[in-house]
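If you want the building blocks of each chain, they are given just below.
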Amino acid sequence: MDKPVREQTIQEIGQILSGFERRKENLIPVLQRVQGKLGYLPQEAMREIATYLDIAPIDVYGVATFYNQFRLNPPGRHSIKVCLGTACHMKGGYITLEAWKRRLKIEPKQTTPDREFDLDTVACVGCCTMAPVTVVDNKPEGQVEPTRVDGILLGFGHDYTSKESKQNDQ
Amino acid sequence: MTNKDAAVQAAYDEIKHSAESRAQELRRKKAVITVGAATCGRAAGALDIIKAFKEEIQKRDIDAAVIEAGCMGHCYAEPIVIIQKPGNPPIVYGRVNAVIAERLINEYILGDNPCPEFVLGALEASEGLPSFEDFPRAKYEKQIILKNCGHIDPADINQYIAAGGYGALAKALQEKPQEIIDEVKRSGLRGRGGAGFPTGEKWQGCRDAPGEQKYIICNADEGDPGAFVDRAILESDPHSVIEGMIIAGYGVGAKQGYIYVRAEYPLAVERLETALKQAQELKLTGDKILGGDFSFEITLFQGSGAFVCGEETALIASLEGEVGMPEHRPPYPATRGLFRKPTVVNNVKTLAYVRHIISNGADWFKGTGSRESPGTAVFSLAGKVVNTGMVEVPMGTTLRHIIYDAGSGIPGG
Ligand SMILES: Cc1cc2nc3c(=O)[nH]c(=O)nc-3n(C[C@H](O)[C@H](O)[C@H](O)COP(=O)(O)O)c2cc1C
Ligand code: SF4
Ligand code: FES
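Just so you know, the protein sequences line up as chains A and B, in that order. Counting from 915, one number per residue, gives the positions in the first sequence under this note's numbering. Counting from -15, one number per residue, gives the positions in the second sequence under this note's numbering.
No lab work stands behind these hints: they were computed from the structure. Note that CB positions come from ideal geometry on N, CA and C, so glycine has one too. There is no bait here: all hints are sound.
Think about it this way: if two alpha-carbon atoms lie no more than 27 Å apart in a straight line, the pair counts; the simulated DSS-like pairs of lysine-lysine are:
hint	chain 1	residue 1	chain 2	residue 2
1	B	K35	A	K1053
2	A	K938	B	K239
3	B	K239	B	K155
4	B	K38	A	K1053
5	A	K938	B	K261
Computed far set for chain A versus chain B, every beta-carbon distance over 10 Å:
hint	residue
6	E921
7	E958
8	L986
9	N987
10	G990
11	I1020
12	K1023
13	T1025
14	R1029
15	E1059
16	P1060
17	G1065
18	I1066
Go ahead and model the full structure; you've got the sequences and the hints to work with.
What follows is the structure, encoded as structure tokens:
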């Protein structure tokens, strides 16, 4: 699935790495920086990081999969994260999540086939008073009830409600 | 007072003086407009309001300042704007939009009509307008660590200093480390991160543990769903937490601190980065703080989103680059923590109290709250209450009072 990472990417990773001391405690900051640059953590990147920090690749992989901030596949263009903290749960966050799943036809942690949207859940983003919250491209949106789901998608020029959704609009 | 102490005090007086003269400049303006722009305020449109005010002010060439502040705790009325005109009490407006912003400029800032229809309350008693002291929640409210929140610009260290900030640090550096720990012990402060461990005892344990290298960690992982107080403090008054950390470092003899903050709180991360940079520039962190003998570095570490990391041993593992799994205790981190060195882990709120205890003394602190646990508690009211928000009350205040008097009860209940 993972396309081979280009030469240039390897170089970029090397550049990021050279800014860090070769100490294990830098693993998470390094992973954050690489993901910040590439949008995800390709396998090659994890191998490079393991070699540089002198730790086993399996340990890098273990850390990358333990923390849900990290992703191992290329991200979609827009990220949708539905808050399922207590307050949002009480105000129907899971109903909102159902609406997103229905519209995007994917499960949390998946990406739409056209690579436009990622769906995920988060635990409390800290603005419970606006529950239910959905974080759209890193901006928390308050009171996202199912009816607003379509509105947000329309705002991106996507009408997933109709049969011929404009899935290929760039 | 030794010469060294005098030099530390002089260095502080100098930055205090410069911060105060900036504050005075602000007070001479025709109006100071403070907009609550923490995460939730922003989600409610605060940034648009700021833009509207700024554009209007520029267009008409009005001598007014617009300040981007943090969180005042009145979530139910976001976006919130405070307008301060010389000679008038500061007035708080709620649910402001661009149209209201324009009217406030026309009628109140340029004219004389405070537009009572949009007023939430005045911050001081005033004629003709409701004041916050008349609110039911005012009866129970007692602000210590929320006092600055929503009133100062968290991205401007001078506003924090003008409000007395870093005065406790300057004072602490002129005392012996053990005296600082004794004061915190006497205050009876207990950790606000959940377990309620006495903070002074924890510091003492770390101070007494053998070893040169010691660490202070600020736990800003705020894992409890429904809690947003730590985030609000970091976004609104980041220096209060930083000052507490430096004082803790001085007390226990640590030279390095880490702030472990949730990556899901990007605005808090940004505020902390700015605050740390500004503190470093004024020599309030780093090498030889305020020209004295004490040095302390603070590193920001972004947590990666795993619920257990709020637990201190898991948090330490994460800082070491490991998978954050809680470990068996003892040994406690105070004797064997980060990199197996003695480490104090304290919650955001716990650290925010420290400066007040050092400035005002343990007895002052014990004057609020209960005997077993002095001070205040901060609650986030979210979900099923009418007036959602954040409220700081003396320890021991019953939940009933908080929900019914501060939060105006349950809708339809
Ligand atoms: C599962 C679990 C989650 C925790 N989450 C947090 C948290 O989010 N924030 C926090 O400050 N303490 C949390 N704690 C408590 C910390 O382990 C630690 O006791 C606390 O940070 C110490 O600071 P204090 O003495 O200032 O309270 C958690 C504990 C457990 C067992
Ligand atoms: S916590 Fe409440 S008062 Fe604070 S910024 Fe958010 S909505 Fe506003
Ligand atoms: S529970 Fe959703 S923002 Fe806090």
